[in-house]
Amino acid sequence: MESTLPILILAIPLTMFLLLGIAGCKMSHKLAGFLGIAGMGTTLVLSYITALTYFFGPEFIGADGLREQVTVFNWEWLAFTENLVISLGFFLDPISAMMLIVITTISFMVHLYSLGYMEGERGFQRYYAFLSLFSFSMLGLVVATNIFQMYIFWELVGASSYLLIGFYYRLHSAVSASKKAFIVTRFADLGFLIGILVLSYYTQTFDFVKMTSDPSWVLASTGGATFMGASVLTWALVLIFTGGMGKSAMMPLHIWLPDAMEGPTPVSALIHAATMVVAGVFLVARMFPVYMMEGSATMIIVVVGAVTAFYAAMVACAQIDIKRILAFSTISQIAFMMVSLGVASEGHGEVAHHGLGYMASMFHLFTHAMFKALLFLGAGALIHAVHSNNYTAMGGLRKYMPITHWTFLIGCLAIAGIPPFSGFFSKDEILAACYAWSPFIGVWMSMVAALTAFYMFRMYYLVFWWNEPHYHHTPHDAPLSMNIPLLFLAAVSCVAGFIPFGHFVTWNRMPYDIHIELPVAISSVVVALVAIALARHMYIKENPLPAKMKAALPRLWDWCHHRFYWDELYMFITHRIIFNGICRPLAWFDRHIIDGTMDSFATVTNKASEAIRPLQSGQVQMYVWYYLIGALLLAGVTAVCVL
Amino acid sequence: MDYSQFLTMKQELGLLVVFLLVFLYDTFMPGRTQKGLPVVTTVLMLLLTVAGFCPCCLGSGSDVMAFSGMYETSPVISAIKNILNIGVVIVLLQSIRWANSDAMAMRRGEFYELLLVTLFGMYLMISSRHFLMFIIGLESASLPLAAMTALNKGSQESHEAAGKYILTAVFSSAIFMMGLSFVYGLTGSLYFSNIYVAIASEMNMMLVCAVAFVIAGIGFKLSLVPFHLWTADVYQGAPTSVTSYLSVISKGATAFAFMAVMAQVFGTVYSRVWEWMLYALIILTITVGNLFAIRQRNMKRFLAFSSISQAGYIMLGIIAYNTMGVAAMMYYILVYIFSNLAAFGVIGAIENATGRVSMDDYRGLYKTNPRLSFAMMLAMFSLAGIPPFAGFFSKFFIFTGALNQGSVAIYVLVLIALINTIVSLYYYLLVVKAMFISEDDCVIPTFRSAFSERLGLWITVAGIIFLGLVSCIYSGLLTLTADSALSLFFA
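Going down the list, the protein sequences come from chains A and B.
Under our numbering, think of the first position of the first sequence as 1, with each following residue one higher.
Under our numbering, think of the first position of the second sequence as 1, with each following residue one higher.
There could be a bad hint or two in this list.
To be verified - Looking from chain B toward chain A, a few residues come up when the C-beta cut is under 10 angstroms (computed):
no.	residue
1	Ala212
2	Gly217
3	Phe220
Since the hints were made in silico from the structure, they are not lab data.
Heads up, the beta-carbon is just placed ideally off N, CA and C, and yes, glycines get one too.
Next comes chain B alone, as it looks inside the complex (with noise of 0.2 angstroms):
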């Protein structure tokens, strides 16, 4: 074997080296220097970023395979990457202040140890063309979520979600195993590159079970409905900082690997089998997530069920079968981390500080808290795309991408998910009107929010603001998506 290989997952070794220097500091560190955790981790993760853009990381610029063609990387999985890498950032920065509370004092560690774990598995998922390969980095990315969910342990709430979490996720990875084992069974083979071209003359029920099981599988991941029943349950009892994470980091990777196996492994099969498939998950997902979030009172289900929705937005990046879609869909990824994380930041600092969770609570709150009522209302606004904010541009650009496949269906597709972004504004808005306009006896009074919250939240409104304006961002994933081997996929 040619140990050289190991060379081009540079990030998943530089991933390997912050999670190994986090868990030597909290197993050999003494117990007061264990307060630092949170920084020391973030701080390297923030390395671990800026690398991630450095030439050296970012290869030669083509496709590299590596351990018989299990492994790929790529210029746009880099960039996927490191979008996600960003994003992590933010999720660690909002977590310091929760995890040195003294609740956490004895489970600093495993929080932050598992967040990386999981991390590891979401690089193996988007990188791998096999498919054992990707069930490891699919249950690493899974399983350890079920333990973060439970980290509050003194809230039954916390141990339910869990509890939930970890019941439903076996049984996805059941079904998708199933699925997995009936492609075996059609094609003799786990590699991605075998399947597309072995089932491209299949026709039959095997394949219609495999690639909705696989769907299913996935789908669980991402709460494509009606997958999604867990997600609001769990959204609501994990601790803020792990559903942030959950709600974008878990989501953005998984919605990247999901394009990649619909692409590189059925994408003979598009037209013929998951098109319309995808079609009907998507107008559910969009629609019932927007259903259930008009009702929500509470903050974190409300924004699971909002959460729901948007990834069915980002799945017009994937029925688009173009690299406009994907280059629109990691954009629409980069800057839903922006907006949601602005909207946990700002959840996360009331919960830290007063403990209140309910849309109710937030009334009058501009009265007190200007600056977080200000930040919370552009997160709304960008998650409801209201222009000039990035959620405006991402789902512009999301939406041109789909209407680029050209079909009347997507035509119909886009003007329903068109016809939910208004549902969508009215229950944002309900947020901002709480904030903004409505009254009431006991408004949360005035604090002042941690360093690293206000500097979590500085980062995520600035994006908001200008994540659309330089429109650099967007037109360079454009050419590095149309530039890759993937576009030969669309082809």
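For reference, chain A alone in the conformation it holds in the complex (with noise of 0.2 angstroms):
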């Protein structure tokens, strides 16, 4: 494959940062808008071309049936050993390539909305030159050819988010979140960190192809070698998939999701529900042949995963933002393609029911992208109507925002797993993944699954129905640069399901036929109508039964509204515990100990530097007889000491 067009993928969205973020201050915000746009639309454009032409170009498929991995280019950048070498590549794969689509999609249409929702804003530029920098970010990250690639656009990534989350950073509470969201995720990056030089170590190479290829070379490599009980493998992949946790949220890293909310809605919608977070999952399906290998690390993978899509639509039942409900159910959402990862191996090296969970894995990534896409960029139009983040604001909204309705509508019910729309489709190959590895898992998720409805359509009836409140000024649809996306999106929400997705995405790049697995279909699609006939129930208008449900239930809703009191713990420990225990004793060291050294060193440095002052005395008669005497030394006491 030629490399203009990969080269052009990566430079357009980093020149437009530089360009934006340089030059921003001095162009007008409809300028830098539209620049960033026209970038952003070239760069769609062109990652459009390449993924097509990798995923219909009869060129890649090998001669065994097989889709073919292409690495584009690759640039040796810095060499640690022979084998050890950073390079920085661009990697096309079935996953890559689907990531191309998802990024640049969802990139673009939130390039456009933010348009109109970001009018007049103070530092409009600067928010597309970090628009651009996360999309730069991004794809690197999905191209990179070996793992610490994807370390180093992983941490730009962290670093774009950091700089999106705190872009209001006249609220206090901005800055803290965004303060919050990066030491949470840098403390998980460094796992992954460790986790890359300890896999790294034993392979000797940081390529994912050398190690995803031939997995049980990579077990080989570690010659059997185990740490506290557990192999080093297993570690290693532990250790990664810590990295993975933190930028995917997952519990107990999952805090600094909600509180990211605090960025403008389209960063929401772009970095913390469709692209960034899902970085996770996307590691471990790029690593799945060597997480394989590893069954108690794929059953790590498996239960936090199923921990937290529970905790999370438990939560979300509970919450009154409705920016916290969303984050909540991308948690809960996210889990389910970390769930569906894990229960895609049987560990030991074998895979389970033809990996149907990877496939699924990545279809749910692809639809829950863009109805995810969709519902924060709703949930944008809503705040944008009725200036607020809380449904207690809202209410019979239906009337008087009807584009914004009816494509939120759309994305409820994609998220609930209602048939035709795209949720329906991914969320049943995960359930059927799970029923197949393990019946328990099967029911777990699809009670989880009906939480999510019960909560999506609990939001949407106090949110559209309910009663109205007294609205100051009459709220009404969003202009034309944010409804594009909103429809856009609900249309792509309601064909998505159609793809052949096993076609062109599945764990050994050999093309695979979906089918629906009746039963789980079946089952699954009434407990979700039952629960939206339930919330229907409750919040179709203002009825005492919410009330009555707080009352009769109070330490369960305490608990939920409270997020189970996580933030509280994460407090205790921090402050508490390492504050004062660890923290205190280490400052008096480095004030006392630290500091003492580094002052003795600085005094006795500048009292030699005064000592010698007279040698240079500007007469050149001393030049010369420290020269005489300095090269006579030289030859003397060598000498002395070698003859």
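Make one complex out of these two single chains by using the hints.
Put into structure tokens, the structure is as follows:
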């Protein structure tokens, strides 16, 4: 494949970032916005061309019927040893091609949407510059040829997320949210880095192709080494997964994502719903053949995913802020993808059920990105209209905002898994994979799916039906630039389910026919419909039922509403235990011992500097003397020593 | 005699042509076109630099000897000459405004002609494989510099500096020649290759003195401690363009020539004689350079001492005594050229506009001249070796190269060098602090520097940012040196 297009895919967003970042303050808002959109639009077109050529080009199907993996280019950047080389390249395989489509589509929609949403905001150009930086980093992440390149872009993604969450840096809450997101994900990334180092120490490579094409070799290269009772490979994989847990907000590292909603809503749609937060899923998918080798690692993934999915769904039922509801729903849905990846493996290098879980996970990633971005952008339109994040300030909005209403409804139906919307198809595959792996996990995830339908329609009815509060000015639909993305994403959510996804993305790149598992499909649709009916019964118009429920289960409501007190737990651990028990003594050590040593070092240096000053007398005779003495000493001392 | 041998000297001949064109332009062009001379020289030099990268100039990719083994050229040698050429172009670019000032009206040509002559000398020094030719190169790279130092005719300091320079230079040449006479006495030859073989079995006082004096003679040009005392006075007194030329080009060329001499002449007595000499000199150079740099307030003097300690780091590439060390040294020189010229570019721009050169004058510069401050900051960061700027990578590679030598002593040496980087960080940051944090009543007012100065700064800043990230440069040098005949000496 020609490398011009791929280079441009990365270069255009980067250039846009530099251009808008450096010269943005001299541009008008309009120009900056249009430049950003034009840049992203070009990237979108190029990515589509690249991805579609890859998916439909016969030259990419190998002789054995497998879709080939293509390293378009790979520049050696830093060589540690002969084998251990950090390269920067462009890797094309089914999942990276799919991600190219997802990222550029959502990013372009968000660019377009922001034109209306962010209109007149202070730092509008900066906003577009950061969006471009984010797009660049995310694209670089998915096309990474080796795990270290991925790590570099992984951090860049984290940094741009930090910048965008803290976009309203005059708000205290935004600043602390961005800090929290950065610290929590950085903390997780430490695990990621250690994992990379452990893995590469044994395998002597960073390269994905090398690692995934022959995972049994990876297992062999560790030579059966163990650490604290678990094999080294398990440690490495679990540590790498920790990085993924941080980015994808898995329990217990999920605490940053709800707070990240302090950023502008389009940013939440792009970064904290559709693209960056699925990086963890992408990472596990990228390393899937290696994860497959270690049953304990995939077991951990399944357990973490299943617990997180249920937890987040419970919490989402008791939130007031619509963006928080969507945030927890995102956590829950990503957990679905994680579980699905986990259940694609039997452990010990065996793939479960033809790798159905892998395909389902990627399919859900794709459909979820579309409908969750739609929901977030819809929420943005709502917030734009009523100037509040809380559903208590909304109600009866279906009359005033018909476009938002219908598109939002489509999003809700998609996420609830009602056919023929896209979420039904992908979720059905996930549930089928879960049931095939273990009936317990299957039932558990069905329950989460029911909760999903319930909390989404709870929000839907509370926002668009319920009873109407007093509006200061009549809410209305958003301007065209904001409606186009809504309509487009809604259309995608209607039809995306019919994509024969198995033909494009499978774990071993062998095309595979999706078929609906009727028992699973029917039962999950019935369960979802019951949940929706319940939500409708409770929330379609003002009635005392929700309050009664709350009064009947006060403890449960409190715990869910306060997110099971995770933040408080973290506060306690960091402030009470870590700050007092570790940081204080360290600070003392730093102030007295380290500073003292450094100070005395500085004093000695200064004294020495003062003492040798006369050497530089300015007299040329002395210069020559010193020169001569130096040369003679050099000869003399050496002669004494060696002769 | 086979005159086709001259064709092996393509780069020297090219430089000669440039020199002649400049000379003719200076002599015959009418007075009003004289102001074009700096630009013409820069463009010619740029063409020479570009030509240096052409395949025809790079030669067949192997080593070629000419003039009965007196002259050698190889891809590595072409590479170092190209690196120097790049530096010279930047120096010339930065000097345009100064050369076109009224004070220089009568001496414009001299500056360029003398500069090109010294560069020619450096080329010879790098390429020569016979000590007579080496001395011709060394002297023609040395004596004209005294005249260049004195170009500021109105300034007492300039004269004093030139006087000091010529006196110490002559003295050091005498010592150097004495060392050579010992060598000749021992071996009966001045060919590098003959000496290399002949001294392998020698081990006496005469050899030790010879090596020590040769090191002292070349160490003078590199300003290794204790042969460095002229440096600060000359750097301060000379015009800024001459100082920047002295500190990067002259130093880079001499460092490479030094490496060639130590490896190709005294290579057989590396561990017996000069390894320990260099240990001592490196430690002294880095430490004393740093200790002096801490106290300087005059920016040119400050950079003089900083360049002394940088020379110590460059020497690590020689003591490493392997091809990786050579590659790292060449890379270090390249990066050092960009970093130091960025610093000198800023100093020159400010001096040309306001005449101020003290670090105290730089207080609050960020408020009035943010771009210059930014360039200066990057230069300081790069010189101090802060990632991700080029200086970090060059230090990293040169330390790695040195550590590859493997002895315990080298670990100690690198440790000392590392500690010294902390000291150097302090004084480099002093400049940054003065510009960005300190406040002052009489801040240098906002001014617009000349286009050539800005262009020079853009190039150097781009170099500082990208040289470290574009990894193919270092890996290219690495393969170049590993494949060269030089590698035989390190076996």
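Checked hints:
1. Ala212: Holds. Min distance 4 angstroms.
2. Gly217: Since chain A brings a Cβ to about 9 angstroms from Gly217(B), closer than 10 angstroms, the hint holds.
3. Phe220: holds, 7 angstroms
The earlier numbered hints are all upheld by this structure, with none contradicted.
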